[in-house]
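Got chain A sorted already, so can you dock chain B onto it with the hints?
Going down the list, the protein sequences come from chains A and B.
Heads up, the first sequence is in numbering that gives the first Met the number 0, so the first residue is 0 and it goes up one at a time.
Heads up, the second sequence is in numbering that gives the first Met the number 0, so the first residue is 0 and it goes up one at a time.
Honestly, the hints are just simulated from the structure, not real lab data.
Glycine included, every Cβ here is placed at the ideal spot set by N, Cα and C.
Accuracy of the hints is not assured; some may be wrong.
What the hints assert, rightly or not - Result set (DSSO-like, lysine-lysine): computed pairs, CA atoms no more than 27 Å apart in a straight line:
#, chain 1, residue 1, chain 2, residue 2
1, B, Lys139, A, Lys9
2, A, Lys9, B, Lys131
3, B, Lys180, B, Lys116
4, B, Lys259, B, Lys236
Said to hold, decoys possible - Stretches of chain A that chain B covers, calculated by requiring three or more beta carbons in the stretch to come under 8 Å of a beta carbon on chain B:
#, stretch
5, 79-91
6, 135-145
7, 251-262
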Amino acid sequence: MTSMISVTLKGIFRDRVFQGILMTALIFLLIPTVSLLSMRQVTELSITLALSLNSLIFLLLSVFLGGTMLWKDIERRYSYGVLGLPMTRSSYLAGKFAGVALFFLLTAIVLGAATFVVVFFASSLYPPERPVQWEIIALCLFFDVMKYVLLVAIAFLFSTLSTSFFLPVFGTIAIFLAGGATQQVYDYIHSTAGDTLTPLVKQAASGLYYLLPNFSAFDLKVNAIYGLSTSFSGLLLTIGYFLLYTTFILSLAALIFSRREMR
Amino acid sequence: MSAISIENLTKTYRGKRGAKVDALKELTLEIEAGEVFGFLGPNGAGKSTAIKTLMGLISPTSGSATILGKDITTPDARRSVGFLPENPSFYDYLSAEEYLVFVGKTFAMSGPELKEKTASVLNRLDLWEARKRPMRSYSKGMVQRVGIAQVLVHDPDVYILDEPMSGLDPLGRTLVKEIIKELRERGKTVFFSTHITADVELICDRVGILVAGALQTVRPVQEILAAGVVGYQVKAKDIPQELFSYYNADSQAEWLSVPKADLGPVMARLQAAGSTVELVEPQRKDLEAFFLDIVAHSQA
Numbered sequence: 000m001t002s003m004i005s006v007t008l009k010g011i012f013r014d015r016v017f018q019g020i021l022m023t024a025l026i027f028l029l030i031p032t033v034s035l036l037s038m039r040q041v042t043e044l045s046i047t048l049a050l051s052l053n054s055l056i057f058l059l060l061s062v063f064l065g066g067t068m069l070w071k072d073i074e075r076r077y078s079y080g081v082l083g084l085p086m087t088r089s090s091y092l093a094g095k096f097a098g099v100a101l102f103f104l105l106t107a108i109v110l111g112a113a114t115f116v117v118v119f120f121a122s123s124l125y126p127p128e129r130p131v132q133w134e135i136i137a138l139c140l141f142f143d144v145m146k147y148v149l150l151v152a153i154a155f156l157f158s159t160l161s162t163s164f165f166l167p168v169f170g171t172i173a174i175f176l177a178g179g180a181t182q183q184v185y186d187y188i189h190s191t192a193g194d195t196l197t198p199l200v201k202q203a204a205s206g207l208y209y210l211l212p213n214f215s216a217f218d219l220k221v222n223a224i225y226g227l228s229t230s231f232s233g234l235l236l237t238i239g240y241f242l243l244y245t246t247f248i249l250s251l252a253a254l255i256f257s258r259r260e261m262r
Numbered sequence: 000m001s002a003i004s005i006e007n008l009t010k011t012y013r014g015k016r017g018a019k020v021d022a023l024k025e026l027t028l029e030i031e032a033g034e035v036f037g038f039l040g041p042n043g044a045g046k047s048t049a050i051k052t053l054m055g056l057i058s059p060t061s062g063s064a065t066i067l068g069k070d071i072t073t074p075d076a077r078r079s080v081g082f083l084p085e086n087p088s089f090y091d092y093l094s095a096e097e098y099l100v101f102v103g104k105t106f107a108m109s110g111p112e113l114k115e116k117t118a119s120v121l122n123r124l125d126l127w128e129a130r131k132r133p134m135r136s137y138s139k140g141m142v143q144r145v146g147i148a149q150v151l152v153h154d155p156d157v158y159i160l161d162e163p164m165s166g167l168d169p170l171g172r173t174l175v176k177e178i179i180k181e182l183r184e185r186g187k188t189v190f191f192s193t194h195i196t197a198d199v200e201l202i203c204d205r206v207g208i209l210v211a212g213a214l215q216t217v218r219p220v221q222e223i224l225a226a227g228v229v230g231y232q233v234k235a236k237d238i239p240q241e242l243f244s245y246y247n248a249d250s251q252a253e254w255l256s257v258p259k260a261d262l263g264p265v266m267a268r269l270q271a272a273g274s275t276v277e278l279v280e281p282q283r284k285d286l287e288a289f290f291l292d293i294v295a296h297s298q299a
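Excised from the complex, chain A in its bound form (with noise of 0.2 Å):
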């Protein structure tokens, strides 16, 4: 399997999508000019602007490089020979997801070091009411990280599904923007608003809410923005949930793509 995620890695970083990133966070530099228009929440919205960057770089890299990473491979015809080496097509789909893994990793390093100076730069010239809780800052790129980490998993889930790469694409989007809402939707139908609705469709989406990922769960920016502290027990549970729902999706999908036929 090491040998599958070096080669995905060396895959990755020739198709030059690392130098796309580079590119990318090239727009950080922009951050503390456009935090200035703020007035006086300049920090505030550097960390805002900062992290939802790297959110939508890691949102970009989960749908387009998860999502098409096992297609291209079938597409291409690069599986069959893979696959004709004495390698479980689960070693096989394990080492292509932690190399993707691994690369989110090392990207979250260079983004959050992009982010730490951007942030320390903003906070110097206009320095803020409460000081910079700098480990909520690295906790809350980790989760982000640990979150589109589960969104590969999903888009790996629908690679094994289809032999199209609109699936992986655009299922992993849905997903992403379904799982950003369940916890809202949950929310709203526990509450007394909630008690209009129908008793099948607040089981349809209790039923959605325990099938769906949970994203805002691992969303701590508002803690990172303004400072808050974190609960440990939450934190803990939130690592648990992504490692038992990762482990789930993916034995899920080694389990439909042991059964491929690859024609």
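Positioned in the frame of chain A, the structure of chain B alone reads:
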């Protein structure tokens, strides 16, 4: 123990609107260790389906197969196999050298052994100069040679090659034939598919002919060639006039065209007349004629 054992292997695809397509019909075949077996058939006969099934790329509808006694449904069966897919394509951002190292590591090779073997096969396949270049810059023939190199790098006991000569120039084809002959001399088993009968005639011990998913025949190549003898060309000096006028259809001096059944009497007559026989050359139908007969018969 057979190197490859296939029993009643069947593959049925579901086509559009639920139509069934029998790509492989109860294929039963034994490939002995150390033999070079040619899997011959027209396009769409099911050769690649059989090979993909053996390599676990597609699952059989029914039947079973083993490679060196190991069930093909387990990755372990591929541990002693070098597999070349049809029209191969490899990670084109890697160089040939990097791909061979990747393959070698998958087969648990490492260190000096892998380095030495990689260099050796790259040289053998005339890829040494291009070894550091990404494969996306390679020609089709070069990619095919990388395909041959990656089956050789881990020195397996069984080689399963789908159209190994495809896309190669005459030099490349000759090289691959030489490599297959060398593998036979080293006691390796080679199972390869082709639709080029001349390749089979030159390098195979046995041939199996597959038409429309069904195995029509399995015969030793030499047996087919021997059975295909229809007569002899006899070169002799001082040929008696009556033999010359009867058997010399082409009016070539010193040559007789003798039907298979007449060879004995003609040789006796030549000896009795004191003629000097210089050469007796069999005239035979080649494997292509045999193959075409089989295909025509199966289609009829």
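Hint-by-hint comparison with the structure:
| no. | hint | verdict |
| --- | --- | --- |
| 1 | Lys139/B <-> Lys9/A | holds (23 Å) |
| 2 | Lys9/A <-> Lys131/B | holds (14 Å) |
| 3 | Lys180/B <-> Lys116/B | holds (19 Å) |
| 4 | Lys259/B <-> Lys236/B | holds (21 Å) |
| 5 | 79-91 | holds (count 8) |
| 6 | 135-145 | violated (count 0) |
| 7 | 251-262 | holds (count 4) |
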